[in-house]
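Could you slot chain B onto chain A? The hints should help.
So you can see what is in the structure, the chains are spelled out below.
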Amino acid sequence: MYNQTEIIKDTTELGPEGELVVNMGPQHPATHGVLHLVVTLNGETIKKIEPHLGYIHRSIEKMCESLTYRQFIYVTSRMDYLSSHINNTACALLVEKGMQIEVPERAKVVRTILNELTRIASHELWIGAMAMDLGAFTPFFYAFREREMITEIMEDTCGARLTMNYIVPSGLMYDIHPEFQTKVKAFIKQFKEKVTEYEDLVTGNIIFQSRTKGVGVLTPEDAISYGCSGPVARASGVSCDMRKIAPYDAYDKVEFDEIIETAGDSFARYMVRVKEMNQSIRIIEQLIDNIPEGDFVGKTKNVLKLNKGEFYQRVETARGELGVYVVSEGGTTPYRIKFRSPGFSNLSVLDHIANGSKIGDLMATMGTLDLVIPDIDR
Amino acid sequence: MTNEEIKAYISSHAPEATFDETGEWLNITVDANSLKSLTTALLGQPMEMNYLFNLTCVDWKNHLTMVYHLSSTIHRHPIVLKVNLDRNTPSIETLCFTWRTAEMLEREVFEMFGVQFLNHPDLRNLILEEETPKGIDASKGYWPLRKDFEDPINMIKL
Chain A
104 MYNQTEIIKD TTELGPEGEL VVNMGPQHPA THGVLHLVVT LNGETIKKIE
154 PHLGYIHRSI EKMCESLTYR QFIYVTSRMD YLSSHINNTA CALLVEKGMQ
204 IEVPERAKVV RTILNELTRI ASHELWIGAM AMDLGAFTPF FYAFREREMI
254 TEIMEDTCGA RLTMNYIVPS GLMYDIHPEF QTKVKAFIKQ FKEKVTEYED
304 LVTGNIIFQS RTKGVGVLTP EDAISYGCSG PVARASGVSC DMRKIAPYDA
354 YDKVEFDEII ETAGDSFARY MVRVKEMNQS IRIIEQLIDN IPEGDFVGKT
404 KNVLKLNKGE FYQRVETARG ELGVYVVSEG GTTPYRIKFR SPGFSNLSVL
454 DHIANGSKIG DLMATMGTLD LVIPDIDR
Chain B
24 MTNEEIKAYI SSHAPEATFD ETGEWLNITV DANSLKSLTT ALLGQPMEMN
74 YLFNLTCVDW KNHLTMVYHL SSTIHRHPIV LKVNLDRNTP SIETLCFTWR
124 TAEMLEREVF EMFGVQFLNH PDLRNLILEE ETPKGIDASK GYWPLRKDFE
174 DPINMIKL
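Chains as they are written, first to last, in the working numbering: chain A, 104 to 481; chain B, 24 to 181.
Keep in mind that the hints were calculated from the coordinates and are not lab data. In this text, all values refer to a predicted model and were calculated from it rather than measured experimentally. One thing to keep in mind: the hints can contain errors.
[Stated by the list, open to error] Chain A is nowhere near these chain B residues, computed Cβ spacing over 10 Å in every case:
no. : residue
1   : Asp54
2   : Ser57
3   : Met70
4   : Val138
[Claimed, not checked] Below, a sample of chain B positions facing chain A; criterion: calculated Cβ distance under 7 Å:
no. : residue
5   : Asn73
6   : Val81
7   : Trp122
8   : Ile150
Ideal placement from N, C-alpha and C gives every residue a C-beta, glycine not left out.
So here's chain A without its partners, still in its complex pose (with noise of 0.2 Å):
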């Protein structure tokens, strides 16, 4: 990491071509998060982009090594705290996994309405960055309107509004609300109603389309050699959604499409995140009507101890592949735990999509590959 002086140094230093070195970040506004990126420019054209990271690195995997498996899911949800709810289910999941519990039927479902509520409101609130980056501010109130009653079903449900904290292993901490399919249904109501809104507002917009299509091109052998997933590889037609590959929860029981978009440019992949939006809305359409009666937990013992061995639990997150790697000795902590988290990959691919470019077409090529810094830092 650079010192001040440094810093000063680098950004006046030319290079031997003419090149300049631009310090973005790490507080620039289009990051959305401490995000440190040494540019170096001819020009206007970007030549290199290196990533500085660790700026909120909190060492989440040392300090989960001395977390029981109750305590380490209240971690991951500072990790992608956009979709805090997804990776508490990932360690649900693989603590489940390990001990071989039996999940309730009415656990899954909740789990499963909840998970695609949140990663709607991660692509509303992703729409809305992404818009004020690109210079439009009303998408930003247009899609923070119906993200807050997500937040507000979230705060009735959960009692929080980020960090829900309301997977445990085996179930949920406690029951739903009793107004909760009444509150999901308003709001199903409401998102088709408006969801037009956006796509009058953006998607026809023809300086959105100049500013996106086209930019920051990647290929599927690339998306896949860089390890790229969720939105971003299937805006360039890889298909790699663990809800289909390996299902989990209730999602080998409902009906949806995997988005796929061939172009892989920054518009394909605004364009997977909003239908992606509008298939979570089905996943939900079916499974609230028919969430089962019956317990909410499972029983378990009050220490959990996973078998000696190693356990991979892959969940799809608003963001792509979230993976949690745990060896196990058998004891009552991990011994060893590696989140693989989407926004590293997609991050590592930024150079090689954004070179060549203008600097000005860095923020939509940034934008749509939907970074969240404390995810990449863990």
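For chain B alone, coordinates are given in the frame of chain A:
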């Protein structure tokens, strides 16, 4: 592709490979010397293991184990490659020319475990600071995710 076919294919490229089928996926332990040629073979036909979805390291106190989670976006048969390394002078061939995602993942393993990746184009710290923080004796190595690491300033043990 079944596990038996994968085993036969890997044994033909790395005869010393040992297999473990107790977990969810097939675990394969190979020597560090044969890793480079084996991974190149896995990337091509018929295995087409083009997706490296996780790369990490585990400290077993007397040796280090590199863990590679591989899959194919065509055949979807995840496997786990493992390589045991000497804990005092760990070094292994880089895989970033086979899978580009390995470049940043290997930089993380380098700073957290002290594993030297041979022929890596840019082996520097990624997340941690370049210089050792004050108050830490770096003469014996400064690798936070190893089991014997103690940080006197920022206690993370509960």
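Okay, the hints, checked on the actual structure:
For Asp54 (chain B), the requirement that its beta carbon stay farther than 10 Å from each beta carbon of chain A is met, with the minimum near 20 Å. Distance check on Ser57 (chain B): its Cβ is at least 22 Å (rounded) from any Cβ of chain A, clearing the 10 Å threshold; non-interface status holds. Its beta-carbon lying about 14 Å from the closest one in chain A, Met70 (chain B) satisfies the requirement of being farther than 10 Å from that chain. Chain A leaves Val138 (chain B) outside its interface by the beta-carbon criterion, the shortest separation being 14 Å against a cut-off of 10 Å.
At a threshold of 7 Å, the smallest CB-CB gap from Asn73 (chain B) to chain A is about 5 Å, leaving the interface hint in force. Below 7 Å, beta-carbon pairs count as interface contacts, and Val81 (chain B) has one with chain A at about 5 Å; its hint therefore holds. A distance limit of 7 Å between C-beta atoms decides the matter here; for Trp122 (chain B) the minimum to chain A is near 6 Å, and the interface restraint holds. The interface hint given for Ile150 (chain B) is met, as the beta carbon of that residue sits about 4 Å from the closest beta carbon of chain A, less than 7 Å.
Violation of the numbered hints given earlier is absent; every hint is satisfied by the structure.
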